[in-house]
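Chemist: Residues per chain are reported as follows:
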Amino acid sequence: DVKVTQSSRYLVKRTGEKVFLECVQDMDHENMFWYRQDPGLGLRLIYFSYDVKMKEKGDIPEGYSVSREKKERFSLILESASTNQTSMYLCASIAGGLWTPMNTEAFFGQGTRLTVV
Amino acid sequence: GQQLNQSPQSMFIQEGEDVSMNCTSSSIFNTWLWYKQDPGEGPVLLIALYKAGELTSNGRLTAQFGITRKDSFLNISASIPSDVGIYFCAGQRGAQKLVFGQGTRLTINP
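In the order they appear, the protein sequences are chains G and C.
Numbers 5 to 121, taken from my numbering, label the letters of the first sequence in order.
Numbers 32 to 141, taken from my numbering, label the letters of the second sequence in order.
The following block holds chain C by itself, in its conformation from the complex (with noise of 0.2 Å):
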């Protein structure tokens, strides 16, 4: 089946630091969207993407699609402990299908 191509696959960072991650993908998506999954827990929606070249905040995240519909990144700016955890891409053409990246473990040195 199809995937995502996310990276980077694992990240070690000092807290205070910003962060960056992108998915790339063949084909084209009518939605990007960013979830991020404490450990132990299911996937939580962080940001959605609905249009090309879309550019959207949310706190200290922000997120773009990218023009060709094809690519997306996530950047996270003064990172905290509390930003730990796995986070995945997901591309959906509708309701039925999300085509999720292979996600990035982010880790945070205090």
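Bound-form chain G, shown alone (with noise of 0.2 Å):
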């Protein structure tokens, strides 16, 4: 089974810190995602990658950034935190390459809950 862990399940931070979230695959997929959920307003892309060292703004990236150094891992980042950033954060991965269902399905990780204070 595909595994993608996110590396805290709460996260309490004050604003102006600078927060890491993490997020590791264990199944050498190529994209990764990151989403941020807000009841009313579903699942919203934040940043992806579709390679190592690559990344692309999703629909809301500003007050974000990512790296991806190693395949397995996708970082995002939150430079000065905000009280506006508090949320649940969702890492996901998908396998990519030539299309078969089984390389576009998503895998997401449990969660990460920020709150802002």
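Hints listed in this document are in silico derivations from the structure and should not be mistaken for laboratory results.
Values in this document were obtained by computation on a predicted structure and should not be read as measured data.
In this text, a Cβ means the ideal position worked out from N, Cα and C, and glycines have one as well.
It is possible that some hints are incorrect.
In the DSSO-like style, the derived pairs of lysine-lysine whose C-alpha atoms are separated by at most 27 Å in a straight line are [what the hints assert, rightly or not]:
1) K74(G) - K82(C)
2) K74(G) - K57(G)
3) K101(C) - K22(G)
4) K7(G) - K61(G)
5) K57(G) - K7(G)
6) K128(C) - K82(C)
7) K57(G) - K101(C)
8) K75(G) - K7(G)
9) K61(G) - K101(C)
10) K101(C) - K128(C)
11) K74(G) - K22(G)
12) K59(G) - K74(G)
13) K59(G) - K22(G)
14) K101(C) - K82(C)
15) K7(G) - K101(C)
16) K17(G) - K59(G)
17) K128(C) - K75(G)
18) K57(G) - K128(C)
19) K75(G) - K59(G)
20) K74(G) - K7(G)
21) K61(G) - K17(G)
Which bits of chain G does chain C cover? Going by a derived footprint, with three or more residues having C-beta under 8 Å, they are [claimed, not checked]:
22) 21-28
23) 113-121
Distance ranges between label pairs, derived from CB positions [what the hints assert, rightly or not]:
24) S57(C) - I64(G): 30 to 38 Å
25) D49(C) - K57(G): 34 to 42 Å
26) T104(G) - S57(C): 39 to 47 Å
27) S57(C) - S86(G): 30 to 38 Å
28) F24(G) - V115(C): 28 to 36 Å
29) S69(G) - A83(C): 17 to 25 Å
30) S57(C) - E26(G): 45 to 53 Å
31) S69(G) - N140(C): 40 to 48 Å
32) V115(C) - D42(G): 27 to 35 Å
33) P141(C) - G101(G): 39 to 47 Å
Mind docking these for me? Both chains are given alone in their own frames, and the hints should help you get the complex.
Modeler: As structure tokens, this is what we get:
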């Protein structure tokens, strides 16, 4: 089974702190994603990466950056946390490559609930 | 950014009732996916649909890929307490982009 692991289930940080959210997948997937989930808004894409050191902005990248130095690890960085970044953050990975149903399924981590005070 | 229109946003039903939810979009997708999220967990894939008109079942769940490729529905028959959670539809054009609906929160009264 594919396993996507997020480093923390719950985090509480202070306004202005630099925050790192880590995500690791164990299936050699090419594509990794960071979403934030807010009530009534569903999942919104922050950033995604389709290869090591490659990244693209999603729909709501402002206030975030990402790092993918190794294929299995995708980090989300809040340079200066603000209270409006309090949310549930979800990491996902997709195999990619030639199209097959297996290669397009997204696997999610368990989520990190971040509170900025 | 684009999002899908998912409805209803919430449902309160009695155990044993059937459930129906749907998603619509102004854009065409190649794949429609339905995920369920249990409290405190990440979403898990329930059903994937790959062809327009396709009707697929997974136990008590049935989903269809609309013929126009712009919509999909999910039905749950004879609901049970463990069906509680948030259900998300997602449209996909390739491996790099999933677009999600706002979610349907299902609550079941025993």
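Chemist: If a hint holds in the structure, say so; if it does not, say that too.
Modeler: Results for each hint:
1. K74(G) - K82(C): Distance ~35 Å between K74(G) and K82(C) Cα, so the pair is violated.
2. K74(G) - K57(G): Holds: K74(G) and K57(G) sit about 8 Å apart, inside 27 Å.
3. K101(C) - K22(G): Status violated; Cα separation ~41 Å.
4. K7(G) - K61(G): Holds - the C-alpha atoms of K61(G) and K7(G) are around 24 Å apart, at most 27 Å.
5. K57(G) - K7(G): holds (22 Å)
6. K128(C) - K82(C): Given pair K128(C), K82(C) holds - Cα atoms ~18 Å apart, limit 27 Å.
7. K57(G) - K101(C): Roughly 34 Å between the alpha carbons, so the hint for K57(G) and K101(C) is violated.
8. K75(G) - K7(G): Status holds; Cα separation ~14 Å.
9. K61(G) - K101(C): This hinted pair holds, its Cα atoms lying about 25 Å apart.
10. K101(C) - K128(C): holds (16 Å)
11. K74(G) - K22(G): holds (21 Å)
12. K59(G) - K74(G): Holds, because 13 Å separates the two Cα atoms, which is no more than 27 Å.
13. K59(G) - K22(G): Given pair K59(G), K22(G) holds - Cα atoms ~20 Å apart, limit 27 Å.
14. K101(C) - K82(C): Answer holds: K101(C) to K82(C) is near 12 Å, not above 27 Å.
15. K7(G) - K101(C): violated (31 Å)
16. K17(G) - K59(G): holds (26 Å)
17. K128(C) - K75(G): Between K128(C) and K75(G) the Cα gap is close to 18 Å, so the pair holds against 27 Å.
18. K57(G) - K128(C): Between K57(G) and K128(C) the Cα gap is close to 18 Å, so the pair holds against 27 Å.
19. K75(G) - K59(G): Status holds; Cα separation ~12 Å.
20. K74(G) - K7(G): Status holds; Cα separation ~16 Å.
21. K61(G) - K17(G): Between K61(G) and K17(G) the Cα gap is close to 24 Å, so the pair holds against 27 Å.
22. 21-28: Answer violated; 0 residues pass the 8 Å Cβ test.
23. 113-121: holds (count 3)
24. S57(C) - I64(G): 30 to 38 Å: violated (20 Å)
25. D49(C) - K57(G): 34 to 42 Å: Violated: the Cβ-Cβ distance is about 49 Å, outside 34 to 42 Å.
26. T104(G) - S57(C): 39 to 47 Å: violated (28 Å)
27. S57(C) - S86(G): 30 to 38 Å: holds (32 Å)
28. F24(G) - V115(C): 28 to 36 Å: holds (33 Å)
29. S69(G) - A83(C): 17 to 25 Å: Violated - the Cβ-Cβ distance for S69(G) and A83(C), about 39 Å, lies outside 17 to 25 Å.
30. S57(C) - E26(G): 45 to 53 Å: violated (36 Å)
31. S69(G) - N140(C): 40 to 48 Å: Distance hint for S69(G), N140(C) holds at roughly 45 Å.
32. V115(C) - D42(G): 27 to 35 Å: Hint violated: Cβ distance 20 Å, outside 27 to 35 Å.
33. P141(C) - G101(G): 39 to 47 Å: For G101(G) against P141(C), whose Cβ atoms are near 45 Å apart, the range 39 to 47 Å holds.
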